[in-house]
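Chemist: Residue numbers (the numbering used here): 1413 to 1530.
Hint data in this document are derived by calculation from the structure and do not stem from the laboratory. Remember, it's a predicted structure, so these values are computed and weren't measured experimentally. No residue lacks a Cβ here, since even glycine has one placed at the ideal position from N, Cα and C. Any given hint could be a false lead.
Simulated restraints, written as ranges between beta carbons of each label pair [unchecked claim]:
1. GLU1441 - MET1490: 45 to 51 Å
2. ASP1453 - THR1475: 37 to 43 Å
3. GLU1482 - THR1451: 46 to 52 Å
4. THR1519 - SER1433: 55 to 61 Å
5. ASP1499 - THR1519: 27 to 33 Å
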Amino acid sequence: MFKVTPNPPDTDPASPYEPDSKKLNEAAERALNYHFPSTADIKATPRTPSTLFAVNPQATTETLVVYLVETLASVDVMVHQLVDHLDGGDRHALLGISNSIMLAEITANRVLDRIDPR
1413 MFKVTPNPPD TDPASPYEPD SKKLNEAAER ALNYHFPSTA DIKATPRTPS TLFAVNPQAT
1473 TETLVVYLVE TLASVDVMVH QLVDHLDGGD RHALLGISNS IMLAEITANR VLDRIDPR
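Please construct the entire structure, taking both the sequences and the accompanying hints into account.
Modeler: Here's what the structure looks like:
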């Protein structure tokens, strides 16, 4: 049988460069240290909170708690809308989250009652 393409030329499969495992290990260590800093490095870095979303420092406690209660109520409504579309374990997990939201809302309402009992 006639072959249309010629055989590839004979080449040495070994790399022309000498492998240096010490340099390779050092490079790997540098890469790992760069991408995954140690706990000490993370703790040494000062935390600078984002100012993109900030709460007005002059807002009263009552205003903050009212906003908290309204936010929790909104999140609870969203969770209940999602629950309608789920079955089984996912549904139970979301109902558990809803229960936690409700408990937080009750707690925030109690704080409001202490601030301004009506």
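Chemist: State for each hint whether it applies.
Modeler: How the hints compare with the structure:
1. GLU1441 - MET1490: 45 to 51 Å: holds, 46 Å
2. ASP1453 - THR1475: 37 to 43 Å: holds, 40 Å
3. GLU1482 - THR1451: 46 to 52 Å: violated, 39 Å
4. THR1519 - SER1433: 55 to 61 Å: holds, 59 Å
5. ASP1499 - THR1519: 27 to 33 Å: Roughly 30 Å apart at Cβ, these two residues keep to the hinted range, so it holds.
Hint compliance for this structure: hint 3 is the single one not met.
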